[in-house]
Amino acid sequence: MRANPLSFLLIALFSLFSTVALVAQDDDAEMTTDSTGLPGDNFSLEGAMDLFKQASSLEDFEKMLNTEDNNVNNLDLNEDGEIDYIREMDNMEGDVHAIVLQVPVSEKESQDIAVIEI
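In my numbering, each number is its position in the sequence shown, counted from 1, plus 40.
FYI, nobody ran anything at the bench for these hints, they're computed from the structure. Just so it is clear, the structure is predicted and the values come from calculations on it, not from any experiment. Mixed in with the good hints there might be a few duds.
[What the hints assert, rightly or not] Per label pair, the in silico range of CB-to-CB distance:
1. D109 x K148: 30 to 38 Å
2. E147 x Q94: 26 to 34 Å
3. I158 x G121: 28 to 36 Å
4. N106 x G134: 16 to 24 Å
5. N82 x E149: 13 to 21 Å
6. G121 x K148: 35 to 43 Å
7. S97 x G134: 33 to 41 Å
8. G134 x D109: 34 to 42 Å
9. G134 x S75: 37 to 45 Å
10. K148 x D90: 30 to 38 Å
11. T107 x E133: 25 to 33 Å
12. S75 x V136: 28 to 36 Å
Quick reminder that beta carbons are idealized off the backbone N, C-alpha and C, glycines included.
Assemble the whole structure, with the sequences as input and the hints as a guide.
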């Protein structure tokens, strides 16, 4: 019995399209794995570094971090429904600066979210 060439072509095309669909699904899965489900997903470290490079001073950097239009900070660590204000603390030892980004989560407690060393 001889195989029909049209059947062979249809099977080959079906296999090809099935493979392409599976690869597309894998790409979608990779894009969603960037999210950890933790509060840190609501802060863009890359965006903060870009703002740091653009800022003319630490005060300017702090203001830019907390500007909603910059899409860097969307943290709500104290879960009060409001975006938390990020403050910068400059710790200097010798020639080294450690700029600590903090969110006050209560009157007595602050959470460090990033440190930039210069």
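Please check whether E147 and Q94 have a Cβ separation lying inside 26 to 34 Å. holds, 32 Å
So the hint says 13 to 21 Å: do the beta-carbon atoms of N82 and E149 match that? Cβ of N82 to Cβ of E149: about 19 Å, so the range 13 to 21 Å holds.
The hint says 16 to 24 Å between N106 and G134; measuring C-beta to C-beta, is that right? violated, 30 Å
For the range 28 to 36 Å, tell me whether the beta carbons of I158 and G121 fit it or not. holds, 35 Å
Cβ-Cβ distance between G134 and S75: within 37 to 45 Å? holds, 39 Å
If you check the beta carbons of S75 and V136, does the distance land in 28 to 36 Å? Since the Cβ atoms of S75 and V136 sit about 34 Å apart, the hinted range of 28 to 36 Å holds.
Verdict for K148, D90 (Cβ pair) under range 30 to 38 Å: holds, 33 Å
Does the Cβ-Cβ separation between D109 and K148 fall within 30 to 38 Å? At 32 Å between Cβs, range holds.
Consistency of beta-carbon spacing, K148 to G121, with hint 35 to 43 Å: violated, 21 Å
Evaluate the given range 34 to 42 Å for the C-beta pair formed by G134 and D109. holds, 37 Å
Check the following: the C-beta atoms of S97 and G134 are separated by a distance inside 33 to 41 Å. Violated - the Cβ-Cβ distance for S97 and G134, about 21 Å, lies outside 33 to 41 Å.
Using the C-beta atoms of T107 and E133, is the stated range 25 to 33 Å upheld? Between T107 and E133, where Cβ atoms are some 30 Å apart, the hint holds.
Of the numbered hints given earlier, the model fails hints 4, 6, 7; all others are met.
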